[in-house]
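Protein chains: 2
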Amino acid sequence: MVDTYGELNSDKSNAILVCHAFSGSHHAAGKLDNDAKSGWWDELIGPDKAIDTNKFFVVSPNNLGGCFGSTGPISICPENNEVYGKNFPNITVLDWVNSQEMLLSKLGISSWACVLGGSLGGMQALQWTITFPGKVKRAAVIAAAAKASSQNIALNEVGRESIRHDTNFYGGDYLKNDTFPKDGLKTARMLAHITYLSEDNMNKRFGRKIQDIESRVDELVDYEVENYLQYKGNKFSEAFDANTYILMTRAMDGFDPAKDFNNELQEALKNVTAKLLIIGFKSDWLFPPERGKEMQIAAMQSGINSSYLELDGQQGHDSFLFTNERYKKNLEAFLGS
Amino acid sequence: MVDTYGELNSDKSNAILVCHAFSGSHHAAGKLDNDAKSGWWDELIGPDKAIDTNKFFVVSPNNLGGCFGSTGPISICPENNEVYGKNFPNITVLDWVNSQEMLLSKLGISSWACVLGGSLGGMQALQWTITFPGKVKRAAVIAAAAKASSQNIALNEVGRESIRHDTNFYGGDYLKNDTFPKDGLKTARMLAHITYLSEDNMNKRFGRKIQDIESRVDELVDYEVENYLQYKGNKFSEAFDANTYILMTRAMDGFDPAKDFNNELQEALKNVTAKLLIIGFKSDWLFPPERGKEMQIAAMQSGINSSYLELDGQQGHDSFLFTNERYKKNLEAFLGS
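These protein sequences, in sequence, are chains A and B. Read in order, the letters of the first sequence are residues 14 to 350 in the working numbering. Read in order, the letters of the second sequence are residues 14 to 350 in the working numbering.
Worth flagging that the hints you see were computed from the coordinates, not collected in a lab. There's no promise every hint is true.
Because identical chains cannot be distinguished in the list, a pair is counted as satisfied if it fits within a single copy or across any two copies.
Said to hold, decoys possible - Capping the alpha-carbon separation at 30 Å, the derived lysine-lysine pairs in BS3-like fashion look like this:
1. K150 / K248
2. K341 / K44
3. K195 / K50
4. K148 / K62
5. K245 / K99
6. K306 / K119
7. K245 / K44
8. K283 / K248
9. K272 / K217
The structure displayed is predicted, hence computed values, not measured ones.
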């Protein structure tokens with residue numbers, strides 16, 4: 014599925030591709046139909062917002078392999094009329110970019126005015142500049158990295174381990190067994206959620222406060238932060254799919270466009286023609302600012318028109334989701350450049 | 014159980030208490046009896062080492078509630094001849110310090126020349142200075158914090174969640190059911206292990222290297238870092254006890270000596286007479302250097318003789334376990350001061 018916001022202009026020069034992150038979807042802005050909440054980038058996409066839909070035609074597709082509107086592990090395989098489940102093919106960031114290029118072609122547009130996204134969405138933006146240099150004029154790579162670190166992989170593996178050892182997982186065949194590894198998925202998400210927040214922000218928000226007994230989601234909860242994670246983990250585990258979780262974390266772990274260029278990112282970037290804007294957030298410890306600086310250095314070595322912006326970002330990795338004056342001003346200037 | 018190293022001198026002025034961390038034990042140095050490996054602080058304790066057993070009598074007790082030699086959840090409750098299991102009482106850092114004070118008294122020693130430890134061991138050292146100011150002359154608080162942060166609690170909660178949802182956990186009654194929540198404990202340890210290492214160190218050691226198929230511990234493993242975590246998690250889950258894991262993480266989460274002093278650490282420290290040495294490691298993200306600096310500032314505000322030392326520490330939180338010239342020189346100088 015694809016959402017769009019704004020209007021395509023007559024010379025088709027104002028199309029922006031927005032790439033979603035791990036648990037996002039095509040629903041990037043506003044409230045559509047019966048949506049309970051606004052899209053994941055509603056703070057940034059809309060009339061007079063950083064990504065101004067008065068000026069731009071914003072295209073927001075759903076990533077292949079997902080569980081919120083694209084063909085993925087919960088879909089029926091047409092070959093055998095069974096649910097894909099664990100047999101859904103491995104997927105990569107490049108696969109998404111290739112499918113997005115097919116969408117571009119289908120729309121009859123020659124190039125994106127900009128491709129942008131945060132986190133796993135930023136990885137897609139970077140891949141776009143490398144794979145289709147003629148078809149992207151600008152790319153904003155936000156709160157992302159040119160490859161997953163050893164620690165990123167390790168944290169994802171703990172989440173996968175938790176899912177795989179849920180007795181309801183059945184080696185990935187849970188749907189065929191009419192069940193679901195809810196507990197394992199919940200634990201995986203609780204961990205991932207911690208990596209999206211900053212330590213400072215958690216201290217300010219929850220600190221060491223004891224949870225009111227009346228509003229505990231579980232009797233084993235002592236601290237507010239435990240209650241919050243229990244609540245968030247539970248909610249996520251009721252909406253997301255476990256095989257998809259494994260598939261998507263594998264895609265993130267596998268991202269490494271420099272791999273085919275002797276592990277030299279500047280080599281991978283040597284044919285890039287897009288202007289790059291790389292944004293890192295100080296409080297992000299999942300893809301810390303150092304990852305952004307590494308990309309900027311490689312871009313400079315490749316002679317690309319690139320700039321690096323470091324923002325404070327109070328919300329850790331999730332900072333890319335929230336607007337503020339400096340973030341907005343820089344994105345606007347970049348899109349209008 | 015208690016191990017000792019070195020000899021108590023005639024005026025009983027050279028006794029040092031070493032407090033172990035989360036999964037440590039009384040076995041701090043050397044190899045005793047059939048020990049497969051050396052004690053956890055073998056790099057620092059011994060003749061001519063930082064904690065020189067030619068000069069000091071080192072006392073290393075096992076923390077109450079543990080599963081490596083003290084009464085804990087795997088012990089038999091004398092009241093009903095059943096294993097304690099989940100019914101073992103909650104335990105706190107203060108409980109350990111109180112039991113260590115009984116040991117001091119039993120040894121007929123009036124005061125420790127020094128109390129020291131890393132991580133949860135450093136918390137005990139800090140608590141000693143507050144609770145028994147007359148009975149400790151020096152305290153070294155290493156890679157620790159004056160309280161667990163919201164993020165610390167959150168990460169521990171993910172580990173506990175993983176254990177509690179293992180179908181073999183039986184609400185903590187697994188021993189009565191002749192089983193053991195090995196998978197849940199393994200996942201908890203995999204996560205904890207990541208928090209003990211630094212991101213840089215993981216990148217240097219494992220990077221994004223693919224695991225040899227021949228030496229994979231599990232067929233689902235792709236990367237070396239996954240293999241390493243699988244191996245470490247497995248090994249730990251065969252040696253540790255799940256109820257003890259929950260008990261010990263709760264003790265760490267609950268540590269907050271300032272709580273009874275209007276949340277003012279300098280108030281908690283106002284009667285401290287011991288000299289303090291606080292050590293933080295740059296690459297430690299579990300108890301980062303900021304936590305050490307906070308203690309140092311509170312100590313200065315209380316007028317305590319205290320110094321703060323920041324070391325590079327290549328191994329993240331685990332850096333406290335490994336000696337190097339600067340670490341050794343500073344500890345030696347402090348112990349001889």
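Against the structure, the hints come out as follows:
no. : hint        : result
1   : K150 / K248 : neither (39 Å within a copy, 52 Å between copies)
2   : K341 / K44  : within (21 Å within a copy, 61 Å between copies)
3   : K195 / K50  : within (23 Å within a copy, 40 Å between copies)
4   : K148 / K62  : within (25 Å within a copy, 64 Å between copies)
5   : K245 / K99  : both (25 Å within a copy, 27 Å between copies)
6   : K306 / K119 : neither (35 Å within a copy, 58 Å between copies)
7   : K245 / K44  : within (21 Å within a copy, 46 Å between copies)
8   : K283 / K248 : neither (44 Å within a copy, 46 Å between copies)
9   : K272 / K217 : between (40 Å within a copy, 17 Å between copies)
The structure does not agree with the numbered hints 1, 6, 8 stated previously, though it agrees with the rest.
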